[in-house]
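For the record, the sequence lines run as chains Y and V.
As numbered in numbering that gives the first Met the number 0, residues 0 to 222 make up the first sequence, in order.
As numbered in numbering that gives the first Met the number 0, residues 0 to 412 make up the second sequence, in order.
None of these hints come from the bench; they were simulated from the model.
You may find that some hints are simply not true.
Derived pair list, reagent style DSBU-like, types lysine-lysine, alpha-carbon separation capped at 35 Å [to be verified]:
1. K16/V / K124/Y
2. K197/Y / K165/Y
3. K124/Y / K37/V
4. K235/V / K149/Y
5. K149/Y / K12/V
6. K149/Y / K176/Y
7. K12/V / K53/Y
8. K16/V / K235/V
What follows is a list of derived Cβ distance ranges for each label pair [unchecked claim]:
9. L275/V / P120/Y: 42 to 50 Å
10. L395/V / P120/Y: 57 to 65 Å
11. S381/V / Y12/Y: 43 to 51 Å
Even glycine gets a Cβ: it sits at the ideal position worked out from N, Cα and C.
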Amino acid sequence: MVIMNIVNIKKSYKKKNVLNNITLSVEEGSCVGILGGNGSGKSTLLSVLAGVLKPDGGSVDWMGQDLLHNKELRTQILGYVPQGNPLLEELTAWDNLLLWYDKNTLKQELESGVLAMLGIPEFIKVPVNKMSGGMKKRLSIGCVVAANPKVLLLDEPSAALDLVCKERIYNYLKDYKQQGGRILLATHDVQELDLCDKWYILKNGFLTPYEYDGNVHHLVGKL
Amino acid sequence: MTRFRIYLLAQMKRVKKALPAVLIMTLLLTGCIALISKVMLIADSSSEKKQKVQIGLVGDISGSYLGFGISALQHLDSSRFAIEFIEMEEEEARDRLNHGTLSAFVIVPEGFVEAAVRGENMPLTYVSTSGSLRLGSMIMNELVNTISSLLTESQNAIYGMQNYLVNNGMSDIYWQATDELYLRFLDFILGRTSVYELEIMCLSGNLSMIGYYLCGFTVLFLLLWGIAGSPLYIKKDHALPALLSSKGQNTLSQMAGEFVAYFVLMATSFLLVIVLVAVAMGLTGFTLPEWEREGIGILFGFYVKMLPVAAVICAMQLLLFELTSDMVSGILLQFLCALSLGYLSGCFYPISFFPESIQMVQPLLPTGVAVNYGGNLLMEESTAIEMVLLLGYLLLFLVLATAMRKRKIAGNR
Chain Y
0 MVIMNIVNIK KSYKKKNVLN NITLSVEEGS CVGILGGNGS GKSTLLSVLA GVLKPDGGSV
60 DWMGQDLLHN KELRTQILGY VPQGNPLLEE LTAWDNLLLW YDKNTLKQEL ESGVLAMLGI
120 PEFIKVPVNK MSGGMKKRLS IGCVVAANPK VLLLDEPSAA LDLVCKERIY NYLKDYKQQG
180 GRILLATHDV QELDLCDKWY ILKNGFLTPY EYDGNVHHLV GKL
Chain V
0 MTRFRIYLLA QMKRVKKALP AVLIMTLLLT GCIALISKVM LIADSSSEKK QKVQIGLVGD
60 ISGSYLGFGI SALQHLDSSR FAIEFIEMEE EEARDRLNHG TLSAFVIVPE GFVEAAVRGE
120 NMPLTYVSTS GSLRLGSMIM NELVNTISSL LTESQNAIYG MQNYLVNNGM SDIYWQATDE
180 LYLRFLDFIL GRTSVYELEI MCLSGNLSMI GYYLCGFTVL FLLLWGIAGS PLYIKKDHAL
240 PALLSSKGQN TLSQMAGEFV AYFVLMATSF LLVIVLVAVA MGLTGFTLPE WEREGIGILF
300 GFYVKMLPVA AVICAMQLLL FELTSDMVSG ILLQFLCALS LGYLSGCFYP ISFFPESIQM
360 VQPLLPTGVA VNYGGNLLME ESTAIEMVLL LGYLLLFLVL ATAMRKRKIA GNR
């Protein structure tokens, strides 16, 4: 079993320690939820892991290799879905997907692969600026999973989406997990918590394990 | 295919989709700039009649040397192109002066000629409004005083000479001497232009005014065109740049892809304007003094040579896009930068009209360098220094835009 070990990640902004020795591991076929209030550093942690931000220290171990210092491996292993939608507004879903897939793979994925599962063929010819929020989020995930990443880093994937769309995304993520994928999820959403196998609370730059039992009031008190 | 090429291809697709709307915006912008240029250029070369200063003459001046002298000024002298003397009644003169259709009027008092014959000094009255006491009016006052002195003094001299000849028994040469003196005065008045040379100062070296404004308005157009590009390049969030970074495409490579696509869009819009100008020049036969012996093709040569300027302005606009994250403030920023830089760089008025401090800053501004570069192109002078400066600015803007994007991505966490 291959485990992604995140070890002692540190990051500070203007003398403020946003991430203090963050250590956790994500196992095969599991989902880890990072909980925290606004500005607690959840997105910063995912950005550091995705290689968008440089950490002040720490490492991400993957089969003996440090993903933070191995760009090529990192881009193969990790799929990062940022908070916004990483899409070109004027282009259609097809054109956006071509940024990440070659034509033949794209056609296959639309017919019977992950893109079909996300329901993207329904709006493949629609320009992004005419899509609903749910369509955009599904397309964003579709773009990110192009290279079959082993780990998905999701930053509030279902924020402001309707129930039908959330359901579709959860179904996909459950399937991804079942097939051995690893998910690291930064979230506020109660529904998303059910998807996770382990939970952590990020507060004042420190990460502490949390046992979520469905008691939202208790969780809110901890944040 | 490398990630850069894939990203560039996607950016080119965006440009292709946005092109019709951008070209419509370009046409509107061209129309606005054409109107501004028409107002600025046509106003400068308005009709001869409008440029003439009209001076009223009140009183009877017929049958005297004064009348003859004024008639000579009106019909023979070169001043007739600038000053027009009109005989009228005092009431009409005051009325026209009040309505601003007359610059001033001169009252020739009754008995003026007889007094001159007697050798007495009877002054002319020059009437102007107090509101017209500006530099032009003051010069006019001096001019009228000079002319009236000249005419009355010459008249006094002729009558004085005639009296002298009669009193000293030289009546036989009376008419001959009168004619000679009169012709000498006329020769003095009409031949006075030979004492000075008229030199019209050029606006920028040897560049014609129209040539200067062509450069200025080209830079202004490119600056204002940034508004048309705003909807395409102002980012509400930096999710895509963040994802591209995580996939190994660094910000410099992203910026380079966007720059190339944006430059192609700007160059296409600029080409449309050049085609319109070429058609207009072909239809009207209008051309620049610098291009008098050249065909329309030189306009397209000018377009190609101005592309480095377009590249610098593209890079500058990309930097401005990175500074903002919402459409309204982005468009406002583009507009204000275009106006302020255009003004300080001499796009609206020749830089020689500005205070010395602005004249010192202008050659350092990127848009100032662009205007000067265009001027040198028209005059077929060396553009090496300007080209180096433009290249420097291009790199500087791209580096700054990349740094801003990095900052934005970090802030997008």
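- Message: Output the indices of the hints that this structure fails to meet, ascending.
- Response: As far as the earlier hints go, 3, 10 are violated by this structure, in ascending order.
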